[in-house]
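Student: Hey, can you work out the whole structure from these sequences and the hints?
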Amino acid sequence: MPAMTAVDADTRAGAGVPAEAVGPLVRGVGVLRRLAEAGGTLSPSALERATGLARSTVDRITATLARMGYVRLDGRDVVLTPGVLELGNAFLAALRLPALLGARADALADELDESVSLAVADRDGVRFIHQATRRRALSVSFRIGDLLPAERTAPGALFATEWTERDWARWRTRRAEDPRDTAFPAVPPRPEPAPGTAHATADAVDAAFADRVRAARRDGWALDDQLIEPGLVAVSAPVRDPRTGRVACVASVVSHTSRHPAAELPATLLPRLRTAVEAMEADLRTAPPPEPGPAPAGLATWTTASKQELGRDFVESLARGLTVLTAFGEGRPALSLTDVARATGLSRATARRALLTHEHLGLVTAAHEDRAFTLTPRVLDLGFPPLSRTTLPRLAQPHLRALADRVREPAALAVLTADGTEVQYTAGAATSGVLTVRIPVGARLPAAATSLGRVLLADADGPLSPELTQVRAQGYALADEELESGLRSVAVPVRDRTGRAVAAVNVATHAARRTLEDCVQRLLPALRATADDIQRDLHQVSRFTKVPTT
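Numbers in our numbering are just positions in the sequence shown, counted from 1, shifted up by 11.
It is possible that part of the hints are untrue.
Said to hold, decoys possible - Below 25 Å or equal to it, Euclidean Cα-Cα: the simulated SDA-like pairs (lysine to any residue) are:
1. 557 with 43
2. 318 with 64
3. 318 with 359
4. 557 with 51
5. 557 with 295
6. 557 with 508
7. 318 with 34
Quick caveat, the hints were computed from the structure, so don't treat them as lab data. All figures in this text were calculated on a predicted structure; none of them were measured in a lab.
Tutor: Here you go:
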């Protein structure tokens with residue numbers, strides 16, 4: 012069994028499960044959390060052990076999640092897919108802070124050549140909502156959605172300056188129950204104390220945190236001097252909400268002791284961090300009210316149809332409960348029960364039970380005065396961290412495999428090199444034929460002689476040759492025995508959220524097996540469907556994270 016998470020601890024410490032809670036929804040959320048804690052992949056038997064659920068229950072839950080596009084069943088494994096990020100994206104969109112402040116954090120990272128993060132409070136923990144990471148061999152950053160104990164971070168000391176007595180009491184309870192921080196998989200657990208010293212060690216840790224909170228209140232900034240692990244240092248400053256004056260989030264510059272000793276951070280990095288924070292606060296003051304994005308539509312109808320098609324293998328109450336979370340989003344940070352029911356198409360009774368269940372699980376909270384519900388940072392527990400650092404080749408690989416199996420021809424993904432003269436293969440799926448195309452990942456070929464290169468060159472700015480103009484107009488490119496005798500291929504672009512072609516996918520074949528007409532009529536439709544699938548995943552992941560193309 013994995014360690015009990017902070018969410019589990021809160022749930023068990025509070026009142027029992029409400030009478031109106033939706034049991035399948037509780038169990039389904041538990042499955043998503045366990046998958047996320049395991050890095051995104053577990054076998055059904057491992058899920059059975061991790062959750063304590065019966066195998067038949069695990070199978071029904073994973074079949075439902077697969078139908079929703081949140082997991083895929085890959086051989087013997089259950090694998091989180093980018094579709095599950097719509098839950099975390101709903102929270103981040105409703106929060107608005109990544110969209111409003113992310114560019115400032117990225118610019119600061121570029122200026123300092125250090126990693127920069129934004130974090131929000133999550134009860135007595137710290138949750139990351141934005142990362143600007145430097146691509147070095149020695150990388151220093153956390154994943155978006157990672158939860159850390161407040162006392163082991165610089166942001167935690169700043170958030171704790173606003174804690175109430177109830178907050179401190181909850182923190183003390185958690186520390187007493189989990190002194191080694193085993194409920195926080197994003198950080199190394201604390202070492203076992205020497206025999207007979209456990210209480211003294213815990214008291215010293217708690218006293219040190221209280222001292223750092225007092226210093227943060229006095230100075231207006233905080234320092235992490237290897238609190239998480241040796242070598243890791245950070246300096247943090249609060250970004251305050253202009254309406255309330257409270258800490259909206261904390262910006263941090265993260266480095267390691269070989270680049271910046273902790274004692275030097277206040278002099279070397281803090282002044283520029285404070286300047287960036289002032290600009291962030293100005294952005295919050297001048298930001299126009301958000302335009303509400305489109306609410307989800309037809310969810311109740313879809314779940315009903317899925318239940319009719321799949322029967323008992325589809326847990327309708329789980330699907331409906333999770334869709335409630337997608338009712339929130341940009342311009343929809345706080346919703347009444349009526350708002351949620353209207354957005355999802357669910358009855359008020361169904362929406363109410365789902366919201367009560369999510370409130371019990373810590374995924375939503377309700378204002379006591381008007382019972383307006385809002386998402387909490389804990390929604391990011393549902394699969395966001397393991398998927399927040401994926402790459403385009405990883406996103407594309409399962410789709411390429413499915414395409415190759417479908418058409419019985421090899422498929423590949425490639426990007427254009429910086430000088431625009433070559434394409435570099437970044438992912439591929441081979442077939443088992445004796446005569447087949449085998450181009451290894453990492454190989455480079457002349458762009459002008461390949462269908463992949465032509466599709467990407469046709470998307471470039473500036474004047475195009477007549478051939479590339481035609482490729483742009485028709486949306487695909489053919490290469491007929493130009494690179495090698497007998498080699499024939501067709502390619503289409505993969506576009507990012509702005510519509511720019513960032514990669515291309517192709518299917519290659521031997522000229523004796525397929526005519527050019529056959530490539531267009533039989534291969535191209537399947538290829539376009541695959542590109543659409545890759546794009547859908549890319550757009551979901553890249554909404555609040557950067558997705559490297561290689």
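Student: Can you name, in rising order, the numbers of the hints this structure does not satisfy?
Tutor: Result: no hint breaks.
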